[in-house]
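Trainee: One letter stands for each residue in the lines below.
2 protein chains.
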Amino acid sequence: MSLIVQKFGGTSVGTIERIQSVADKVAAFRAQGHDIVVAVSAMSGETNRLIGLANEMEEQPTPRELDVLVSTGEQVTIALLSMALNKRGCEARSYTGSQVRILTDSVHNKARIKSIDDANIRSDLDAGRVVVVAGFQGADENGNITTLGRGGSDTTAVAIAAALGADECQIYTDVDGVYTTDPRVVDSARRLDRITFEEMLEMASLGSKVLQIRAVEFAGKYNVPLRVLHSFQDGPGTLISLEDDKTMETPAISGIAFTRDEAKLSILGVPDIPGVAYRILGPVSDSNVEVDVIVQNIGADKTNDITFTVHRNDLAKAESILSATANELGAREVITDSKIAKVSIVGVGMRSHAGIASKMFKTLADVGINIELITTSEIKISVVINEKFLELAVRSLHSAFDLDEAVVE
Amino acid sequence: MSLIVQKFGGTSVGTIERIQSVADKVAAFRAQGHDIVVAVSAMSGETNRLIGLANEMEEQPTPRELDVLVSTGEQVTIALLSMALNKRGCEARSYTGSQVRILTDSVHNKARIKSIDDANIRSDLDAGRVVVVAGFQGADENGNITTLGRGGSDTTAVAIAAALGADECQIYTDVDGVYTTDPRVVDSARRLDRITFEEMLEMASLGSKVLQIRAVEFAGKYNVPLRVLHSFQDGPGTLISLEDDKTMETPAISGIAFTRDEAKLSILGVPDIPGVAYRILGPVSDSNVEVDVIVQNIGADKTNDITFTVHRNDLAKAESILSATANELGAREVITDSKIAKVSIVGVGMRSHAGIASKMFKTLADVGINIELITTSEIKISVVINEKFLELAVRSLHSAFDLDEAVVE
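Protein chains in written order, with our numbering: chain A, 1 to 409; chain B, 1 to 409.
Incorrect hints may have been included.
Remember, identical chains collapse to one label, so a pair may be satisfied in a single copy or spanning two.
Lysine to any residue pairs mimicking SDA-like chemistry, simulated, CA-CA at most 25 angstroms apart [stated by the list, open to error]:
hint : residue 1 : residue 2
1    : Lys359    : Asn223
2    : Lys25     : Arg260
3    : Lys87     : Glu59
4    : Lys302    : Leu201
5    : Lys114    : Gly143
6    : Lys87     : Asp140
7    : Lys87     : Glu56
8    : Lys110    : Tyr222
9    : Lys359    : Gly143
10   : Lys114    : Tyr222
11   : Lys339    : Ala27
Keep in mind that the hints were calculated from the coordinates and are not lab data. All figures in this text were calculated on a predicted structure; none of them were measured in a lab.
Take these sequences, add in the hints, and give me the full structure.
Mentor: If you want it as structure tokens, here you go:
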């Protein structure tokens, strides 16, 4: 018998029928004797409807009042799910964030959780009840309603699991787990049974949009085992946890992430003077353009070439800033390229396996793909390539690193 | 400078545009220097939408969870109205019932207010803010969300006014005040400038559906001056307060109420034995049929005739119960009549004016109306007549008791 926190997102509770399916699933777990806390989002579309009302009222709605407004979305879901559970003879009780109490700071619309009082939840669990908690919301120390920002329901679930010392936090989604790469690109992509928090963070931030990054960080920090599962299909899902030394040899890499959302800018022939990188990239960041990969080379003529990537939507803005800087600094030229893609291999196995990088580069070279930029971290190697080679690169790497699904003979 | 509590119902806040009109009105009051607390209902239709969701989920939704669900309706309104006020430079802050805190008993769906903590409201008023409170809801001593039942927003407003010792509680509605009688029946019906709590209670319970009876009782108990006003038209409305000895001579009667909703049953020739009234009416009440006017006569042959009225929808049920009782008791016969109307004259002036009843009876006799039943209270005389004479009776009485609007010459 375990203590399990389950989280169902907006799509999983998007209609009365779906809430009833969720109730069936929760009641079945409860019937196995587990203690269950369920965290839920607003029914899909509801949060947008409420924000629409606010925007009709005011272009910049008062942040405090926006939280009062949108927090009603999850409150509707907890009531309906609790009714559905009670109807099934599975006694349940709902809690808003304030009622729990989930204490947050006072930064409305993107508050952070400070602590969770587990007294109410525990007393209901002890009485044999399922506890249904509104995700995404809390209250500050003056009792003002706060929200954690979009996607915050995952964070609520993980934080409750951490506070209760739950055995597992299950995140129900519209996919049946975390994959070695996007199955729409590689047919033989495989669901991973396990992945570490670190790997999941690299996968998530690189475009595998299964879990909120913040929730994964939180789970890693408090060592809450996370499991990603499909809301309406049975299956073991993917367990995200600390690295387990006792398991068999770790594979070299766990997955391949990629994105087509970036564009590349280069400023060439920049005089090699101290602080030049800051003078080039400072104005870009100041205008709220996020810079991703950055590479600096000193050329043969003692001038710098600096290349970086930004989100494709920010290209025009970044280019105009960079051109102005090029003028000031007397750089030779600015060139841009929006037809790029970034491909990353991710895996804690890199730490113990030598030669991962060269294997990656050889694999790409063998199929004739030119690498434009390289950047590395402890458990990730990313390359920027021409967009048209993206699928080829992902498939080749997927196969080279033995990620393809085993063919049943 | 006064402290004023204003209440706006669902129709007054039914759309974004209407909430903006309410914000204009509230901001104008605030600009005059008054301290303002606003209590609001859910946007019209919203409570029914939420109850619809609950009923889709479960025929008999868990009462506790139904309160969690429907209380979101007012929460949406307080947020939107506060945003609209802030946009107008009129600083405002919203409060749910729990946040205030409005402490109620634990009877979900029809809770009663036990106390109101005025600390939060006062500190906001002191800071110059308008306070916007969700009507119809509170929380019990364990923090469970409760609702006061339909129409409870009037009660919230009055209770807050009582707790704060407000100078006036203004109830904004879709009529511009309380009338001497229904203007759809009598063209010359007049808006009353003042009426007492007692009179309002008699008028309300007899069918002038302007205010919730419970709110009027509450206002009378704590002597909170109530004013009924039109949400979107200017005007003084009607002030409901204690009787004021200092005003000019009280008119004999203040208004005429009526209803067509009742039906009459008579059981004739009942043996005159002790307890017979209970044996006849007990089974009727036991089946949840409410009995209104009751008249008992002892006939010349020492047998009883008992006549009473019930809601017209309950006639068939009451008749079948009464027929069974008639058999048991050996009564002569049961007769029923659904073509009746009840007309009442109401006024605290009855206490000091003699001859009101005979004037009423003479007025009806003069126009040829036969009175079937009579019942009286300290400030009300009601008669039951044939339905077809209803309009004639109301107009004749309205004129006879000098209620007609003065014709401007």
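Trainee: Please list, smallest to largest, the hint numbers that this structure does not respect.
Mentor: 1, 2, 4, 9, 11
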